[in-house]
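S.K.: Single-letter residue listing:
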Amino acid sequence: MASQTSNGREITYIAAIAEGAQAILAEQDNAFIAGEDVAGAGGVFGSYRGLLDEFGPDRVVDTPISEEGIVGLGVGAAATGLRPIIDIMFMDFMGECMDEIANQMAKMRYMFGGSAKLPITVVTMSGAGLNMAAQHSQSLEVWICHLPGLKVVAPSTPHDAKGLLIAASRDDNPVFVVMNKLSLRNRGTVPEEPYEVPIGKANIVRPGDDLTIITYSRMVSEALTAAAALAEEGLEAEVIDLRSLQPMDTDTVIESVAKTHRAVVVHEAVRFAGLGGEIAAQIQELAFDDLDAPVARVGAPFSPVPFSAVLEQTYLPNADKIVAQARSLLGG
Amino acid sequence: MSQPSDDVLRDIHRRMVRIRVFETEAGRMAEAGKIPGALHLYVGEEAVAAGVMVHLSDDDWITSTHRGHGHLIAKGGAFDRMFAELFGRATGYCRGKGGSMHISNMDLGMLGANGIVGAGPPIAVGAAFSTKFRKTDRVAVSFFGDGASNEGSFHEAANMAALYKLPVIFVCENNGYGEYTPQANHQAIVDVADRAAGYGMPGVVVDGMDAMAVYESAEAAIDRARSGEGPTLLECKTYRFFDHVGVRGMGLSYRTDEELEEWQKRDPIHLFEARLAELGVLSRDEAAGIHEGILEEVKAGIEFAESSPLPDPNTLLDDVYA
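As given, the protein sequences belong to chains A and B, one line each in that order. Counted from 1, the first sequence has number 4 at position 4 by this note's numbering; the numbering is strictly sequential. Counted from 1, the second sequence has number 56 at position 56 by this note's numbering; the numbering is strictly sequential.
Source of the hints: derived by calculation from the structure; they are not laboratory data. Please note: incorrect hints may appear among the correct ones.
[Unchecked claim] Simulated crosslink set (DSS-like; lysine-lysine; CA at most 30 Å straight-line):
#1 B/K135 / A/K117
#2 B/K165 / A/K117
#3 B/K165 / B/K135
Could you put together the complete structure from these sequences and hints?
M.R.: Next up, the structure:
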């Protein structure tokens, strides 16, 4: 259950992941964490610092650089009764393990007629903005959203990072928790005790009547900045943080669009064939009569993520681009 | 090395014959158009599954391949539920959702046939991790082919199993062909077992047509795994009498009939029956009686499948999620 008793304590997004991981190992005897550099180094981002000392090498397991082997280990361990937390350092590395994700993890329960259960949590990092170039900066959530059998969440805040990670670990299905690396040092209020942010429930982070901005992950903060700028022009944007991409809380989106009559979908991922296309389609299927304008989309251009800062900043969606889309929707 | 009792010898024989008769009749059903989809049959390779599985209990795990019926039968799979699955019926082991290439039974420790070549070894490593994590003496056996030994997944799994000293037995069923490509055209080595040295585990080559040889080598590897000494790569040289998919064995473009005939002279069931007769464990007549009895069981299994209901279309979305 989501808790409101944070007492104003603020910690970083990365510290919130670490707290969530610690809480999972403390409460679930069958849980373990495996991945590259998760034990001795405490995770390359610091996500698991201190856990090796507290829980020992049987439950915090350094692996070879072998993503297919690591994910396969998670699949086999989960099918036989454990609750693995599998760390894929950068989601760009999913290319190395896509068979175990797409053909094994996602399908085993269904192919076996329901006799297998796969309570796996996969923690991975998305996003650009750190000059990590084309192979360490991608937002590939749509790859996994397209696979029936997987759940996908994408926390935007320290609070949601901890709560969604714990919810994922308690779920009996494979859940990908797509963290964002540019958000790692962001601070926010986080309760000390374990709590869940429910999977499948969106969060209206800013109410408004004039248009709806639907987004997730780091683009939530860009959308809020855009909404503040629009407010100065007298336009009140409602901002929805989806938090959970699969399953998706379509009801909250549709209710909002029924009120505002205009929608912009925003994500950092490449716009073409991104989740924005799916969300726009659902809005037109379910709320066509409510719309006063076509559903707009803001996403990255059809390009690999560039290295040089000037190119990377040109590539990235941001508040200014969201404001421009919103204005054009409102005929401004 | 323990000398197998007469009961164990008869058990190995029975498992082999169960596979042979099931697969032969399944092939007939496919040719008659009664089994849809792709069928990869295990005829010729029975000594491997039987010689390994006789050492395992339901609590030991296996991962299988696209050619997986033999593994499930040797692990204790029931003909009726298996045929029902091949026929796509609601009473099948996977309720008609898996078919031949995904046939499985978690209660028997069978983590599925697998349509992806090489996908099994990492999953077996996970199952072995699980048994070690719980401090049990259970093992995981991963069956795969010479073709799969060229997949990166096999190498990653072998390295991790050796690194963590996990109770895994990698059983390579080297039938000389990766699909239709002869071994000499898909890898530069003759013995897949040579690769074991690269991971720091023993590699053993065994005659996969000789059930006794498989039995003995598997026992050593499994004992080693159970006592915490880690994995073994056990390569069984074998041959499939049928085509990669379906039944036809003769007249294929990618192999000669003479080659097939040479291997058929060493039919694993004939070899084993000759041995058991020599040892006075099982007479020729008794063996023939076992074949007949199993054929009756197979026919009953087919009847069960054919009279079983098709899946309710409303179950389409069941079990996508738990």
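S.K.: Hint by hint, where does the structure go against what was stated? Just the numbers, ascending.
M.R.: none
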